[in-house]
Structures are given as C-alpha cells and as structure tokens.
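There are 4 protein chains.
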Amino acid sequence: MIGQPNLDEDIINFASDNTSGVDLEIFSVVEQAAKSSAMPYGDDVFTSKLQTITNEIFEKRVSIFPVATGSAANALALSVVCPPYGSVYCHKESHLEEDECAAPEFYIGGGKLSLLSGEKAKFSAEILRAKLEVKSPAPPVHHSPAAAVSITQATEIGSVYSIDEIAAISDVARYHRLSLHMDGARIANAIVSLGVTPAEATWKSGIDVLSLGATKNGVFAAEAVIFFDPDKAADFEFRRKRGGHLFSKHRFLSSQLLPYLEENKWLRLAENANLRAQQLGKGLQKLSQFSILHEVDTNMVFVKMPVSLADGFKRKNCLFYTWGQDEGYIFGRLVTSFNTTEKEVDRFLEIASQLAN
Amino acid sequence: MIGQPNLDEDIINFASDNTSGVDLEIFSVVEQAAKSSAMPYGDDVFTSKLQTITNEIFEKRVSIFPVATGSAANALALSVVCPPYGSVYCHKESHLEEDECAAPEFYIGGGKLSLLSGEKAKFSAEILRAKLEVKSPAPPVHHSPAAAVSITQATEIGSVYSIDEIAAISDVARYHRLSLHMDGARIANAIVSLGVTPAEATWKSGIDVLSLGATKNGVFAAEAVIFFDPDKAADFEFRRKRGGHLFSKHRFLSSQLLPYLEENKWLRLAENANLRAQQLGKGLQKLSQFSILHEVDTNMVFVKMPVSLADGFKRKNCLFYTWGQDEGYIFGRLVTSFNTTEKEVDRFLEIASQLAN
Amino acid sequence: MIGQPNLDEDIINFASDNTSGVDLEIFSVVEQAAKSSAMPYGDDVFTSKLQTITNEIFEKRVSIFPVATGSAANALALSVVCPPYGSVYCHKESHLEEDECAAPEFYIGGGKLSLLSGEKAKFSAEILRAKLEVKSPAPPVHHSPAAAVSITQATEIGSVYSIDEIAAISDVARYHRLSLHMDGARIANAIVSLGVTPAEATWKSGIDVLSLGATKNGVFAAEAVIFFDPDKAADFEFRRKRGGHLFSKHRFLSSQLLPYLEENKWLRLAENANLRAQQLGKGLQKLSQFSILHEVDTNMVFVKMPVSLADGFKRKNCLFYTWGQDEGYIFGRLVTSFNTTEKEVDRFLEIASQLAN
Amino acid sequence: MIGQPNLDEDIINFASDNTSGVDLEIFSVVEQAAKSSAMPYGDDVFTSKLQTITNEIFEKRVSIFPVATGSAANALALSVVCPPYGSVYCHKESHLEEDECAAPEFYIGGGKLSLLSGEKAKFSAEILRAKLEVKSPAPPVHHSPAAAVSITQATEIGSVYSIDEIAAISDVARYHRLSLHMDGARIANAIVSLGVTPAEATWKSGIDVLSLGATKNGVFAAEAVIFFDPDKAADFEFRRKRGGHLFSKHRFLSSQLLPYLEENKWLRLAENANLRAQQLGKGLQKLSQFSILHEVDTNMVFVKMPVSLADGFKRKNCLFYTWGQDEGYIFGRLVTSFNTTEKEVDRFLEIASQLAN
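Residue numbers (this note's numbering), protein chains in the order written: chain A, 347 to 703; chain B, 347 to 703; chain C, 347 to 703; chain D, 347 to 703.
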C-alpha cells in the first residue's frame, strides 16, 4: 500500500471504491431511520418500500434480502443453490476464490469452488462447458457434483461480461441443470458500461440469483441478495439468521438501499465512477511512462509504471495499491468512486505529469 | 404482537429495545465517518481510537472486534473457544439456544449447546457443576466434551447475575478447564444495575470473552467481541472474515462504538432505560389488575394482565409482545429503552389506569 | 468398568452386545467375499442380493445403504431429513445425544438435537406435541425449525416403544410435517419383543427412515440406512461418500448384512439375546440382594446391588459396566448377546448366588 | 468400464486393486477376532499389538488410528492440521481433489484445497513455493491461509516422489509453517519402488501425518492415520468418533492391520503387485499397437490402444477402466494387485497378442 491513511483533505485516494464515504442524499434517509422508531427484523416501511421498488426496477416480482457485506451476500446466495457436497464453478481470479477467506465453502457447508481460467478475469461458455464435460472413469459419486456457476460482474479487474457472453454461459448452466449466480459487487458500474436495463443485465440473460452491491458505490454497508424466482428463496431467511446476518434494526440496511435504488441513483453514482476512470486512463495513457494494462470498462485503471514514480505518488499523498515489481517497474490499481471529482483526477494527472518529467 | 408498526408519533413502543432509533450524539460521529474517506477493513482512526478507549474502560490491554449483530458476536466468540465437536454449557432459556437459529452450532462447526436449568433464566455454579460431573459408564470419546460456559448478562428476562454468582461459575469453569463467555447484549444495563466497573463485571470476575452489546442501547447495528487475553484471539480475524462479518467500511461500526463507549455514554443510556423500567414496574404494581412477574433489575417488565386490557392497549397504540393466555389472562413483556422518556411512561401508566377502570 | 479384557475363556462378558464376535454362518459368507474378486463400490452380487432381500423383508421397494457404524447410519440418515439450521427432536437419554460425540450435528451441518423427557428412555406423542407447540413471541426465523423426530428402538435401557406409541408419535410428526427416523441399533431385539413383522415395526407405523443395526447382533461392523420412500434418498450416496463411509470393497458390508437378514437370521439371533436376558433377570430377582431396575423387554438387565457384590463379580471374571454408587449400592448394566448361552447365564447366576451368601 | 462384474473364474480383473479379495493369512487373523470376545472401541489385544508393531516399523513412538476407508483417513488427518478457514495445498489430480466428493472440505469444516500443477501427477517444491509466495495486494485476512500440504505416494498414475523430492517439499512446508501430510493409499507400493525403509519414506523425509493404505493391498477395509508426533494427535479420537468412524468391534480393523504390517507382509504384497505391473507393461510394450503412457513405477499401467482392441478385451472378459477416445484410440488403466499371478498376466498378454494380430 502506498501512503498512510488519514482524514487529511489533501489526499487523493484511489486505493479502492470502499475508501469513499456515503452519498449525502442516501445518508439523509439513513438519518430519518436513525431518528425514528420501528419494529425490528424488517417489519418496517423502509424495508417494505425496498421490496416494491426492487420489483419495479427488475420488472418482475423478486425476493430481496439485505445484508451488510458482499461476502455475506455471495456466501448466503450460494448456500441456497449448492448442496454441502456440491461445487460452484467460478473464475480463478474471482472475489469468491481470492478474497473471501473460504466464506462460500463455510456457508455451503464444505463444498468446493471449481476454478475456471479465461482472459480479463472472465471465463467463456466454452471454457465452462469443457470443464463440465471432463469425464472421469470413476462413478459420479466420487466427485463433488457441479451445482452452480458464478460470474463476477464487473470482474475484479473491471472488465464486463457482454449480454451475449452471459446468455451463452446461462445456456451451458441450464443444460447441466446448474443455477447461475452473479456476484454484482459492481453491478451498477457494469450496467452503465453495457447500456442495458437491470432486467436485461440479470434474469433476462439467465441469472437466477444476484448479489447486488451497494457498499462500493455510495452507501455505508449494504448489499442484497435477489432471487429472481422467489420460490427458490424459501429457506434464505433461516440461513441469513443463522449466519448472524439478520439485523434487528433492519431499517438501517433498507434505508441505505431504498434511496440507492430510487430514481436510478445507483446508476448515476456508478456513471460518475466510470467516467472518472475513463478520464484517468486517458490522461495516463498520454504519459509515456505509464502503460494501461486492461481496457477501462468500468471504474478501475490498471497501470504499469516505474517504481520511482510510484514512490513519488506516495510522497504526494496519492493512495493506490501496488504489487509485483519487475525490472524497475511496478503495477498499480487505481479505483475511482461515486464521489471522485473531475478536479481530483485532473490533480492526480498533473502530479503524474510532474513526476514523469 | 399487539399493534402494527408505523412511524406515527402517538405510538408508545415497548416491544423491544431494538425498536428505538439511534442516540443523536452517537449518530453525529457516524455522520463524520460517512462524510470522510478512510482506508478499509479497520485501518482507520475510529477503529484505532476504539481499541484505545476499550483498553482504558476495561483497565487492561484487550482485543476488540466489532461486528454488526449480537448473534454474530456470540457465535464467533464461541467458535474460538469451542472445538467443532465440543459443547457449550448455557441456560435453556438463553438467547444462544432460543433466538439464534443455531448460529452458535454453525460457527462452532457442529458442536452442541448443553442446556442448564435455573430460576430467573440464570443457572448457578452448583447446577453447572452437577451437570459437568454426571458420569457416563461410556469412555469420554463418545460424548461431546465440555469446552465452554456461557452466561447471559442481563438475562432474557432482565435479571442479573451478581458478581459472586459469576465468580462461583468461573471457579467451576476453571476447574474443568472451560472458557467462560458472557453474552452481554444488555451488559450495560447489568453493569448499571450492579453498580460495579466494567472490569469487575467481566474479567475480574473470571470472564474470558465478552459479547458487548450496543444495538439495543442506542446505536444502529454494532456489537463487539472482546477477548480479555488478546493471545486467545489469534484466529478471530479469519473467522470473522469467513463469516462475512468483516466490513469494508469498517469505520461504520467503529464510529458507532467509539462515542458509545466514550465518557460513559453507554452506561448513561442504560441507566435511563433501567430507570424507566423501574418507573413502569412501580406504576403498574399499583394497579390491581397487573401482576409483575419478575423483579425489575434492568429494563424489562414482565406483567400478567387480563386479555381485555391487552386488547385495550392495542387500540391505544401501545406496543408490546404478549404470549400465553390463561383463564382470561395474558403475559406481556414491556421493554424500555435508552430514549424512553419519563413522560412516555407516565402516559402509558395513565392509559393503563384508564383501561383498568 | 469391572474387570479387564482378555481372551480368557473363563470370562463371562456382559459388558455390551458389542463384545461378542461374529455369528459363524454369517462369517462364512464374509469369507466367500474375502476369497473372491468383485467390482468395487457396491457393483457386486452381495450388494444386489441385499437390495432384493431387503425389499422382501419390508414388503415394499426400499433403498438400503450399508455403512459400518451406528453413528454413521444415524448421522447420515438425519442429514438427509434435516437442513443445516434445523432441529431433530429426540429423547435426552438417546444414543444420538449421549454417545455420538455430536456426529448428528456434524453431518446435519450445525443443527440441533432438541431433547425430550419421558420415562423408560421413551418420549410420548404428548410430550412431543407439547414441545412442538411451545410458542415463542419471537418470529419463527429466530428459532431453529423442527425438521425431524428420532426414536430409539429398543431404547438405551432396553425398553420398547409399542406399535401404538410409534403410530401416535408419527401422527404428531406428520401434522407438523416432520420426518420420522428410527435409530434401530437394536431393532431386531425390539421386533422379537413386540412380535410384529419388520414392516409393521417400521413404515407401517409411520417410520420414514431407519438405521438398521447389525453390529450388536452377530456381525462384525455393518449397519444400514433404509429409506422407505426411495425418492427421499436421492442424495444419500453423495453424503455417504463425503463422510468417508463408502467402502471400496463394499461387498465386505453386504456380505455381512445379506446372511444376517436371510431366513430371519437377525430375528433368531436377537431372540436368543432376549431369552438370555429374561433368564438372567429372573434369576437375579430371586436373590434378595439384587433389585431389577427396569422391566426386561429385550437384552439388557439393569440391576442394583451392594458394592461388595460388584467387587466379587470382578474377582470372578464377570464383566459388566457399573456406575453411580449410593449408600453402599451400585448400579450395573448386564447385556446379553446373540451368542450368550444358557449355560453362561446359569454360571453367572451361580456366582451371584455364592457372592450373595 | 469394460466388461461386467461377476464371480466367474475366467475374468481377468485389472480394473483396480480394490477388486481383489483378502490375503489368506490376513484373513485368518480376522477370523480369530471374529470368533472371540473382546472389549469394544480399541480396548483389545489386536489393537494394542498394532500400536507396538507400528512403533517398531517406523522406528519411533507414533500414534496410529485405524479407520475403514481412505477418504476417512485423509479427511480426518487433514482436519487435525488445517483450521476450518484454512487451505491444503495438493496436486490438482490428487485423490483428495478428484475422488473424495469434498470429504476433506467437510471434515476440515469448510476450508479449501489449493491446487498445484506438475507432471506425472506430482508437484515440485518449486511449484509449491511459487504458489505460496504469490502476493496479493489485499491484507492476508481476505485469503484462506495455507495450513497444510498433502502429497500422494504413490500418485494416482502410479508415479513415485523420490526421497529428495519429498525432503525439498518438506523444506518449503516447514519454512511456511505448514504441516505435511502424505496420502499413502499405495504407500507400500511406493516404499518397495523406492527401496527405502518406512521411516525414511515418511517422517525422516519430513512427513508429519500419514494416511497408511491397506485396503488396496490385501485387506478388506482398513486404513490408518499415523501421527509421527503423538502430541499433534490430541483431538483425533473425538474427530474420528464424531465422523462415525470409531468401530465398536474395533478389533475388526486392528486384526486386518496387525498381520498386514507384521513381518513385512505389506511390503511383500506390494512387491508382487509392482512386479506384475512391470511384467504387464513390458509385455504390452512389445506389441506395436499399445503405447505405454507413463513409466511403470508401481502397480499401474496406462496404455493407449485402438478402440477395437479395447472391445476385444471386453469380449474376452478382461476388465479395466477406459476413457478418452481419440481418432480411433482409447486410454486404458490396468492395475495389478497383491494377488495377481504371473500366469494371469501371461494370459492377458496372450489375449493382447491375439487381438493385436
């Protein structure tokens, strides 16, 4: 990590989209919830309105279950669609595999993640099919059976599955009778990037269950699991409760998600993040000492730069994660956020330009 | 449940202490956190200050881990002190057993709660000792071995273990080499009731690990697991993460707990709740149609009343849980809160008085 | 434990029915299996014949799955009928609760055993109903939901549920939509005692899934889980495999169970054990220093005797478990077996008679 | 699968080493156990002698725990050395990953197998080191921590790790403070192939815990977990019991393992299997239509042949597993056994020769 955290105004923080605070309009609804009394465990008006607006946004009756973290959303969602001896197929660079400390396996009750390769942190329908069709000479009972497939949208490197790619994966999943889960920690950024509707991005492309992210995009701590077939969600409530994820003051979660989803707020916030990443990527590309590593589809810019420049950013209070280090060069990940400003990016580019000379 | 929830000002809500909102001073610190940027996962100033103040309050170096729910705090704490084949001894009316949908067993990895009896929702050292000393003719390997003991302070009916009672239980636990956990969802109310220091109420009486409650006492959604021997907490972080309980914007939790613990705020909030319960209990006792069922040690009043009165309260927008029903009588639980006002209780008593005539 | 184990011929071993060896006719079939080659994992003639004969014995098409231990049979059976957050209702003195080191909770994935009282180690339909109908004021999601009921036949003290008692329990289970499991570690002894058919003792009385015991009754290490509705057994094979309970040389299990079930061998073996226990009980009853504690329904005799007598048996190489000790008296459990002889019992009674004088 | 199983004498069965029966000398000791009485749960002379002889064979005081299946041995062993959130590093073609239906993950309580590549179904110290040293920019708590390494000896394709290879892997494991497990389902074949002592093959090369196989090499159903540091085995007994793997007539397991290990029986049996595989491989190599795919280090021969030949073997009652199929060719796995005779192999080669013409 470059730089040390503090509340200093002069810091430019591109370490992650979870370093940002909370959108002020969203916060004002949380404040209402904080200042009023309500029945616990979801029996409140914020939660009932949230159900209504979610149905509208996804153009069908769905079941939505707020939780506080992305790992909880993913692990709980998968525990519903995968038996304890089953396998979930996902990308080897997915958050599920790399960044959840075996939460999916814990909630599933001991199953497996079966890892797929593929460029840009995405796997294709073909790669999935090939792995599913590997035949073992042993009878099926010896092998943990495939139960579900999970795709990350947008991926850990900010790339996006196209609607056609998702539909093709869904076809393979359906053929093998597997549920299709989407880890949508950055689904808003992906929807904006694709220019489709939330319904098109999800169930209309074959998604059965969605982890809808919000924490990285302007709220404090709120995500939701959405089942597009409410009948499939039958025992989710028991699973959420026994995971310790049912909030007594449940309106805290709903009062974040309600304004987040209302009036396309979530998509507007994501659009800002995406635009700032575009601005950042284009600006750095102009400087010969920076190489952009992946196309900028959403709100992340991966860049290779001389180690000396990385040190320079550090001295200038510009925060971002770095790793690797290869013949004097280092890799950096810069993440923009719902409240990153054009001016901040300009200032970062100015510093970059100075350091590069 | 009597009455239906809404945001109507005229409701008097004694359904639970989790129906209240958030203390305004606490909320203003949350607001600061919401409006600033910080590094994720606890690498922020709110969290580091929280560690400092917790050490001060408990008069020793401890390890504190914020989480969002009481079930998470309890289940995670027990998973550290109980192996997956072990047993936790607790009261049969405890929250662990009755209200957590097998969360402890899930986090422990399949162990048992071994249930103890005892009046007022408390078990004694004697009852614990007797159960631990039951000898089976079978070799020990057949039986899930005792690993930990958990007491609830205050209990589910608002009663409080005295310091001597805790110390006696601790002696038995230590003799059998068991860890001693305290479910302190209402620990502040108990400390106020006992008139002791937080250190005396916990590790000085033999508690090894504490679930420190805050949600029911003025915050939004924050509890903490405190290990009084930090060495025993070695793998807690991995367990919290894989349970999906590590918040990326971790400052949301810390910014609630910090002002909660500072300047005895938590004890002052609990004191108000306790005083209002006293007022309520004494007031109802004067009315011949109400029988108070348990001594009012903290912030709960259990009362038996004619069914017709319960219906009357319902019509008057007075909310509380009821159950049972026995020859025209019904049981009610009235819970006061950090922000219950003297006036509210007066009004409730006035309504009670009118209904009783 | 009285006495030390050795292979000395002069020992009379009533410690347990698992101290006996293997019936010789059964062993000769195991020998055939040992001396031949066959495909693994149940694709062998012993296993296919076992399926056929089990259907005949139970007068319907069932699914039978051999495993090696009673704990495996119980835990696997329950894992099919109870979700990981659910509860199994059973007697507080059941083998499930007392003698399986939390195996059911492990296989279920973290659920609970909810314990019932009742005399003679049996609970009644009324006790079950009362426990299931306890109403909590909290919403159902907080409490681990009831999923299954398990009865032990014969019980840990050798008592037997009558057909009417089972049918009444089954009615309650069905009303609450719970599966009904029978731990039949000593089912053969119970069937002989009741004088009914295997079908009457099980599915005709409402049992959904049976742990069929054999180990205690003349085989080496073989039990079986039988689902009376084969559709309910769909995922049992995966669960057995991941528990490490699928034998590659599966015919080892089947070659024990096949001769065990053929030509009523199992019932004839159990009949001998029951008769010997009758003989033993009646003989001891005649001696004033022994008090028989429970009626002798199957193959166990519980007896209270002076400590000095217990010591005497020990010196005479008579083995049985003892516990308690109360004003000079001690409790003993004497278990007869498929190969206990009339002569052995006579000799034991003779020793008892000598010691008592 | 080529051919259908039956007890026909004329079948040549190279499907697996688990299709064979039981060595007759071993069986005669099982018979002794079957015909005698003994105390249960390991309190018998077979078990105590087994402990003694195991210490002798491995030239140190060890802890040995018999179980009935290889999956049980592996999963239980790993559950002791890996916490529920941890990872075990193993080869992607290992039995652990491919053939145990997630048993390791179940017993560990939800952890991960982290898969390594490498030729001949072996990974090298270098491959292990590289994977362990991959640095993530995220803090460690997000990633399931490495806890143990497992190697399969001999591997699933019959190849063998050299002593130097094991020692190098052990060095990496020790550097990273990981336990080193050996899945020795075919350890006897490997020891014979390496020409070393059991101690050299295991703890002297850095192995901490061994799954000692026997089932594939002349017994009915018996394996054992051996801890080379008995202190590390402290809670194994509870884990075995709650897995349902503690046999009441425990002598059944010990009476197989005792004669298996006595007087080098296990090594002599494995030697025969290895020699027969050599004979088979060399014979097939002479026939131009067969290509041997891997060097024959132990008791398996992998061979590519025309599909028409495979069909021919089927008609001639020669059983072995086949898979793939590639431009008229198919892959076959031929496994020899402790009781495969020179004559059988000759006959197979004769049939091969006839079919090939």
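Warning: the hint list may mix true and false statements.
Copies of the same chain look alike in the list, so a pair counts if it works inside one copy or between any two.
Result set (DMTMM-like, lysine to aspartate or glutamate): computed pairs, CA atoms no more than 25 Å apart in a straight line [claimed, not checked]:
#	residue 1	residue 2
1	Lys632	Glu371
2	Lys395	Glu377
3	Lys660	Asp577
4	Lys481	Glu583
What the hints contain is simulated information worked out from the structure, not anything from laboratory work.
Hint check:
In the homo-oligomer, the alpha carbons of Lys632 and Glu371 never lie at most 25 Å apart, since the shortest distance is 36 Å inside one protomer and 49 Å across protomers. In the homo-oligomer, the alpha carbons of Lys395 and Glu377 lie at most 25 Å apart both inside one protomer (17 Å) and across protomers (24 Å), since each shortest distance falls under that limit. Proximity of Lys660 to Asp577 under the C-alpha cut-off of 25 Å is found in neither arrangement, the shortest distances being 51 Å within a copy and 34 Å between copies. Within a single copy, Lys481 and Glu583 get their C-alpha atoms only as close as 37 Å, which misses the 25 Å cut-off; across copies the closest is 19 Å, which meets it.
Checked against the numbered hints listed earlier, the structure breaks hints 1, 3; every other hint is satisfied.
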